[in-house]
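Just need the whole structure built from these sequences, with the hints factored in.
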Amino acid sequence: MILDNKDLNLKLRFKRILFQMGYYSPIEVELSQYDDVGLELKRTSLTDLDVLGIKFDPALISYKVVGDCKTGKGVSDPNRLFWLRGVLDYFGANTAYYLRPRVGRQARAIAPKLGIRTVDEKDLQILEKNLNVESIPIPIQDPNFHSQQRQLWGISVPKGAKPTPDQLGLKNTYTYLAYNYWYIEQHRNLFLLVAHFQKIAHLLNPLDPRDVFLAHTGVQRFAHCVLEMASNIQARGTDNIPQNAKVYLYGGSLALRDRQEFFELLNRLTGANEPLDPPFLNDIIEFTNRIINNPVAASEVLRYLEAIYGWCVQLGNNDIAPVFGGKPSLGAIVLARDAAITFYKATGMREDIFSKILAL
Amino acid sequence: MDKLAVGLRTQDFHEGLREIKAYGPKEAHFGTTLLIGKAATLAMHLRGLLYIDNYMVLKYAAGQLGIGVLELPTVLRELEEVDFVSVIKEGEQIKRVDIRVPEFRDGYEDLGSRWQDLGPSEIEQVSVDTLQSLLQSPIEEEKLIKTLGMQPEEYAILRDVMENGQLIRLQTLEGEKIIYSPLAVDGNPTKYLQWTERFPSQVSKALKILRNHQGLPVSDPIISGNAALQDAVMTGVLAPVRVSGSTGLQEFLFAPRGGLASEERIILDKARAILACVRYGQKFAAGRPILYPKRILEALRDNKRFRRGHPDLYSQYGVLVEKLIGYPIQESSDRWNFVINDTPENMKAFDIAISLLEIGESPSVRIDLEARNALLGTANYLSPPSTRARLAKSFKGSPETQAEIIRQLSAIGRGMTI
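Those protein sequences? They're chains H and L, same order as listed. Take 1 as the starting number for the first sequence in the working numbering and just add one per residue. Take 1001 as the starting number for the second sequence in the working numbering and just add one per residue.
Hints were generated in silico from the structure; no laboratory data involved. We put the beta carbon where it would ideally sit given N, CA and C, even for glycine. Check before you lean on any hint, since a few could be wrong.
So the derived list for chain L, only partly shown, Cβ under 8 Å to chain H, looks like this [claimed, not checked]: (1) L1050; (2) Y1051; (3) Y1055; (4) S1086; (5) D1098; (6) R1105; (7) D1106; (8) E1298; (9) A1299.
Derived SDA-like pairs (lysine to any residue); straight-line CA-CA distance at most 20 Å [what the hints assert, rightly or not]: (10) L:K1177 to L:P1328; (11) L:K1095 to H:A359; (12) H:K246 to L:E1103; (13) L:K1294 to H:R236; (14) H:K345 to L:R1105.
Take a look at the structure:
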């Protein structure tokens, strides 16, 4: 049970700091490896990451931060730092934070060489004060607030009962969001994410808080996928956004050509007229274009989507302004709505599952 | 009729009739077409914006575009239906309009489809269809009446509304009453009609060729093998754009487009000159030819210059200097670049050149720069210095239409309406 986790307070305090620094920050991200076992792929858990922070700057360049939060006594700081360096590299993160109530001298000496920042209780308090985290009205650091979200995550099967086929379908999506999403090559995630939600769209009930949470997690990941794509397009050049979007999504120019040829052959063989691009792709490319053309607002979208869930859905507020000091970015709100609309249309979900976003 | 054409024609109806006072036949029979036409015009001006949070600005811009303040909510509702906007309200008040007008596909198809869904009246359907066919070629009035098979009073309404909107015009040629669309004529209508008389069966095909290949070189085998097009060039029905580049002088042809105000005509001429220069680079370059003309146009519009200079740019883009679109600058001893003057008119000309290339038509020639500037927040909508008042014109109805109105009103008076 999450509430028993002694490190949780530290993770949530760090998450609040990251929020104030402009990051979208899932916590307790598990890294897994998938291996061929007979006819199936089997997931093996490798390690878990306490806090992951993702943000995009107004040039749509992405920044990642990983945080390791440990309170226990039997922890070797140098070992942990070397492990954290590995996680940092694995994730392609820009910075890693090592948070401990007290950080030993040895660890402080090694940390800069490994490109890691150490934060003890005193440093944490200074960070909290300097960043004025108390001004955030969402109780991000409150374990009960976090626990309410955790309790909505996953399917609910009574003890001794077997999950129904529908619940198994939902479970696949939960597994994908919790594990596979972080493991799979990023450019493949957009189509996979849409496919997962297309499969369960008919099961999601806008009145069920569990389903609403799942859908909001989905739209946050969707916005992340589109921002990653926009970042890639920006790097390639924006002179042909639709083409560059496809090059990204299909894994490069050669892979795109291979797939186009495959579909040509398929159509020739079967007499069908199946296009390579899924029908929802045009709308997603249009949304990506709006992201690229409004980069300042776009850089805030992930954080806004996270705030809208916490502040409006979970806490039942109707106005997002207090979370952003009374002066929210209208552009970010519009793009957050745009993300929700594009996502529910692509997946076939009911639009009222995002009623709180759409009401802004 | 395909949906793209329907969308484009509804906009022609709105643009043609926007300055005509409310009049029974127009309002009663053309409601759906005018509504979708207004939606198309507004959508074109909203494209590229993310949201509008000042409804007063939107009302101002819409007014400039011929959309009254009472009509605006209905027009916005239609745009919501095709998912081009989301209207966010606070109580009854419109708080914000979020914009999702597509940029990579043609929105006219969506609007054309919406027009069909709304169930336009029979007169509307026939009128839109007639305009589309008159854009291909003119027709004798007698023949048109026979083809349409309408009641005389219905035909009178169609003709009156379309004539008042300057969508059609009647001209007598060698004793025959010919109906043509001024939208299909660039210059002298008599020359155009004489041409259509000489090549009655080829005009439609010839114009289609030009629409499908805007900026087609006169030296192209398609033209040299087409007697109608050759004749049109010789007799001045079509006025080619001349570009003198490194491999000599070439001329480029465009599908005629009439019914424009003088300032719109100037911008269309600029757009044609721009596209002609790019076509030159595509077909007659001394070195590597242009492979993706649209990308070149977009890059020039967005970056106001070429990424890299080229020896041929100095002469090839010379025609654009005359039209004040830009000027050449020397980058090295043998390389020239071309700098675009960043004015709203020039940017609009680039947008038109792109739409000519993409859909063969130039709906964006109707973009109202004052409305656009208001939406972009670059104009003070309270006191725009260049605003010109437009005088609403009265509808000139034929005796047949007047009689039909009296008949309808009498039926209402007698309680005999079904």
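Checked hints:
A distance limit of 8 Å between C-beta atoms decides the matter here; for L1050 of chain L the minimum to chain H is near 5 Å, and the interface restraint holds. Checking Y1051 of chain L against chain H: minimum C-beta separation of about 5 Å stays under 8 Å; hint holds. A least Cβ separation of about 14 Å between Y1055 of chain L and chain H goes past the 8 Å threshold, and the interface hint is therefore violated. Restraint check, S1086 of chain L versus chain H: the minimum CB separation of about 7 Å is within 8 Å; hint holds.
Interface hint status for D1098 of chain L: upheld, as the beta-carbon distance to the closest one in chain H is roughly 5 Å, under 8 Å. Residue-level restraint check for R1105 of chain L holds (minimum Cβ-Cβ distance to chain H is 6 Å; threshold 8 Å). Hint status for D1106 of chain L relative to chain H: violated, with the closest Cβ pair at about 11 Å, above 8 Å. For E1298 of chain L, the suggested interface contact is upheld, since its CB lies about 6 Å from the closest CB of chain H, less than 8 Å.
With a cut of 8 Å, the hint placing A1299 of chain L at the interface with chain H holds, because the nearest CB-to-CB distance is about 6 Å. A hinted pair counts as satisfied when its Cα atoms are at most 20 Å apart, and K1177 of chain L with P1328 of chain L does not qualify at roughly 51 Å. Restraint check for K1095 of chain L and A359 of chain H: the C-alpha separation of about 11 Å stays at or below 20 Å, so the hint holds. A C-alpha spacing of about 16 Å is found between K246 of chain H and E1103 of chain L, which places the hinted pair at or below 20 Å, so the restraint holds.
About 18 Å separates the Cα atoms of K1294 of chain L and R236 of chain H, which keeps this hinted pair within 20 Å; it holds. Using a Cα cut-off of 20 Å, the hinted pair K345 of chain H and R1105 of chain L holds, with the two alpha carbons roughly 17 Å apart.
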